[in-house]
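Participant: Protein chains in written order, with the numbering used here: chain Y, 1 to 98; chain V, 1 to 278.
Please keep in mind that the hints were generated in silico from the structure rather than gathered at the bench.
Treat each hint with caution, since some may be false.
Said to hold, decoys possible - Per label pair, the in silico range of CB-to-CB distance: (1) V:Glu83 with Y:Tyr4: 45 to 53 angstroms; (2) V:Lys90 with Y:Leu79: 34 to 42 angstroms; (3) V:Met20 with Y:Glu14: 27 to 35 angstroms.
Using N, Cα and C, we set each Cβ at its ideal position, and we do this for glycine too.
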Amino acid sequence: MDQYEKSCPLTQKEVLDADFMKARNNLLEIAAFLDRLDRAKALDGEDDFRLVAFRRVLKDVANHESDKVKRMQMGLSDLSIEPMVERDVQTAFGAVKM
Amino acid sequence: MQYIDLHCHMSSRTTDDYHMMALTGCVAITEPSFWAGYDSCTPDYFRDYFHRLTDYEPKRAAQYGIQHYAWLCLNPKEAENREMAKAVLKIIPEFMDMPNILGIGEIGLNRVTRNELATFIDHVELAMQTNELIHIHTPHLEDKYKGTKVMVDTLISDKRLTPGRVMLDHSEEHTIEMILGNGFWTGLTLYPTTKVTHGRAVDMIERYGTERICVASACDWGPSHPIAVPEFIAEMRRRGHSEETIRKVVYENPAEFLSQCPKFKLKHTEPGAVLRFA
Ligand SMILES: [Zn+2]
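Turn these sequences into a full structure, and let the hints steer you where they fit.
Facilitator: Here is the structure:
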């Protein structure tokens, strides 16, 4: 069912022409977010589970292996299967709270 | 191109949104039961809400030539409250015979708790009693993989259930294979920040094909986009996909899934559409 290679009907040049500017901007936004954290008046979030997870999955963008989105999704997921005893909060955080 | 948006919470949207959807080709929508943004204080709220979904909203949509269908349940956001769930499960049968009700939904899990799972199973039991279609919300963000896995395992262990009559909605890159691989339908939700963008939805269509996949806006009272489906159509065209492929995803597929409930009947058929009915 899953076809990875050559499943996009565009050539690499066409993808670059269409999407490079947007992707470049997204990348700068991530860099700015990390700079903002560095410049924060208190460095009280260095071991926050969200930042730790963010820095961990960021490595998946830079490596050359395929299927990066799925790898990042799994890196940000709760992989346990046991239901929680009681609901803690109404809304998910985006990374697993340790 | 005509399209069906399978997941819209129109009770939280303005009439201008119906207008915009109609102008961009929307011919039918289905509205799953939602959460008001805060936990309800009394089960009586749901009687009013179900009345709105079965009477007021279909009339409002009809003014714009849009067919309005709905699903009934206690939304997973409130499923932790077992007392409320038991009370609402008693109200639902009062409305199941209404002409625009297609089944039970959107049931599912939110934070994947024991109570939420018990409420989910109660709703599946209710659906099984009269062989209803089931529409399922899979949890967000870090809970999506776990919640989807727990529900898929629960559903496939129930031999009474036909996976082709169940939609597990809001799939993403890490859950789509387990949903489709077990014979269920799925939906890609074009919702900013917490679900998928048009680009990623098209990526998933390119990788997994067009069988048993629909797209929807899931527009509600949060930052969301009632004309997300036409935006997806534009992105598909930009990538060079054929009109037949696009029509299958935005029109023929939702029609095929929903037509398994005999109450779902499209008033007009898109020229050239191939409708496969169960
Ligand atoms: Zn919804």
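Participant: Lying within 27 to 35 angstroms: is that true of the beta-carbon distance Met20 of chain V to Glu14 of chain Y?
Facilitator: holds (31 angstroms)
Participant: Does 34 to 42 angstroms hold as the CB distance between Lys90 of chain V and Leu79 of chain Y, or does it fail?
Facilitator: For Lys90 of chain V and Leu79 of chain Y the Cβ distance comes to about 37 angstroms; the hint holds.
Participant: Are Glu83 of chain V and Tyr4 of chain Y spaced within 45 to 53 angstroms by their CB atoms?
Facilitator: Because 48 angstroms falls inside the window, the suggested range holds.
Comparing the model with each earlier hint shows no violations; every hint is respected.
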